[in-house]
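Trainee: Next come the chains, spelled out residue by residue.
Number of protein chains: 2
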Amino acid sequence: MRIAVDGMGGDRAPKEIVKGCVDAVQEFGIEVILVGIQEQLEEELKQYPVDRTKLHIHHASEVITNEDKPVQAIRTKKDSSLVVGLNLVKEKTADAFVSAGNTGALLAGSIFKIGRIKGIDRPAIASVYPTQKGISLLVDAGANAECKPRNLLEFGLMGAIYTEKVLGKANPTIGLVNIGTEEGKGTDLIRGARQLFYQQDLNFVGNAEARDLPKGIVDVIVCDGFVGNVILKLTEGVAMTMMAMLKEQFTKNIVNKLGAALLMPALKEFKKTLDYTEYGGAPLLGVNGAVIKAHGSSNGKAIKNAIRQAKTFAEKEVVQMIAEEIKKIGDEGNGE
Amino acid sequence: MRIAVDGMGGDRAPKEIVKGCVDAVQEFGIEVILVGIQEQLEEELKQYPVDRTKLHIHHASEVITNEDKPVQAIRTKKDSSLVVGLNLVKEKTADAFVSAGNTGALLAGSIFKIGRIKGIDRPAIASVYPTQKGISLLVDAGANAECKPRNLLEFGLMGAIYTEKVLGKANPTIGLVNIGTEEGKGTDLIRGARQLFYQQDLNFVGNAEARDLPKGIVDVIVCDGFVGNVILKLTEGVAMTMMAMLKEQFTKNIVNKLGAALLMPALKEFKKTLDYTEYGGAPLLGVNGAVIKAHGSSNGKAIKNAIRQAKTFAEKEVVQMIAEEIKKIGDEGNGE
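Those sequence lines, one after another, are chains C and X.
Count the first sequence with numbering that gives the first Met the number 0 and you get residues 0 to 335, in order.
Count the second sequence with numbering that gives the first Met the number 0 and you get residues 0 to 335, in order.
Don't read these hints as lab results, they were simulated from the structure.
Don't take every hint at face value.
To give an idea of the chain X side of the interface with chain C (calculated C-beta under 10 angstroms), a few residues [claimed, not checked]:
| no. | residue |
| --- | --- |
| 1 | Gly179 |
| 2 | Ile189 |
| 3 | Asn252 |
| 4 | Met263 |
In this text, a Cβ means the ideal position worked out from N, Cα and C, and glycines have one as well.
Bound-form chain C, shown alone (with noise of 0.2 angstroms):
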């Protein structure tokens, strides 16, 4: 098993990426090919002590940044780590694709060098969303604003193989994000997208009402992704401003910061639950490959434990089950 890895995306490349490889060779007994500026990259490799018959360098010399125009980007720069990383997964080099840079570049990188599944009308974003019983799969997390019925039930079904295959989770229910849990509720989107699953043997459970979504509800939360990604950043903007109020509170005298303090063992655990270094990247489902989107500030904990999600992605052939099953279903909605 050999995992490519944009040495030079997120905000803390290429220091804390290198570290992570590095751990991650270690701990899990894989190859890693480190993609990016060669001299950079050896200039951190020095100070660990790594096989460096497992840790691979494959020089590339340019960098897509955040500000860079995706489409643009992955045309102009053809010698970037996040290019030349996803032609190795292209050319069969390596077996999956991490990267904690640019998400349009890796949505349309893996779109235009890797290619979309057969079946596939439009790749996704899939996040995963603590709750109160665990977590959950979110699709889509922002890559498509705008959706057809078909789309939704392409996540749903994208969605519920990836949490089986990695997040290990038997038969996961599938739940459609809508205002009620009524039937004629919503949009057109809505109403289609739930008529198309229910004419496919899935475990689909119907209408998932945002208030629902924290309590974990649904194994797979199916949206578009404006919706998606409303509902992930203001989950967070939520859970953080209630941690800051609550601070306000437990400083405010002597005797709330003696309660805070006898508290602090229970308050860690608890932040610990809500932090995405523990759960690895986001996969992009529906692309002909196994490509992992870590966040944007990982740091080498979040790095190591986005590659051990790759692993498994890549180990359970979630890409050849997503082939297997869109064809089952074949055209149903396309022309929608």
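With chain C fixed as given, assemble chain X onto it according to the hints.
Mentor: Just chain X now, kept in the frame of chain C:
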């Protein structure tokens, strides 16, 4: 000032509704017309020493329930408290109407009976959104799942007027919910609406990311009713789930319990920020009268606060001001 109140709408009607009306009459020096089944309302009223020259009962023999289909209910239950109450506003017997009943029926009934303000394409429901800084106003909270750019412009205009006149914020900022803050991001709807906003002389500050809404980044949050409903429900869901998860931590062992006991006043203070009963209800904006939707589970205090809000809504002539301002905007974007 005379406010009509739906005596039969809401989970706790008529008991808590009557209680709220009695308190409102005593505290605000206004008249209240309680609309509903006379016998039941009289029975409740008996227990309070209230000035009956100020608290009137207007009999209505039917009740619209939450299970009723909105449009059908308005057409067939002509003698329901909801329809009769709206008619009181229409014929100027009452200056405003408050109901904790069926939201869809209240909206449809307001449009059919009272009518829209000239120039407003789609009336909306506005909801107070609690933030770290205080409150924002979110429009649309769920009346219009599918929108055109022009609708969002109207929501922003109406929301700003209501925020200034009723919530008492001078020159409120208006923000458009989007994914990312860049110009080109989002959907056709968002891009179209942003263009319309920039053509007007409004305090429009551009995109607002969902992550920043709980911080109170804008005074008026503009979005379509689908996204708005997701935002409201998800915020509630995340807050409730976090409180439940914290509570679990807080009772885990004796040290945590002690810490939590010391913090109890702080936690209560915090919970109050999220308490809907403090904020009254949700105004219907764009109909030709002051109509407030109170929370379905409103207690007496919530109803009293909703009546105070209805009073300000009518006193400050919000409806007239919306009519004047929308005339200035004209048909801009209405062809789209």
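Trainee: Identify every previously stated hint that the structure contradicts and give their numbers, smallest first.
Mentor: none
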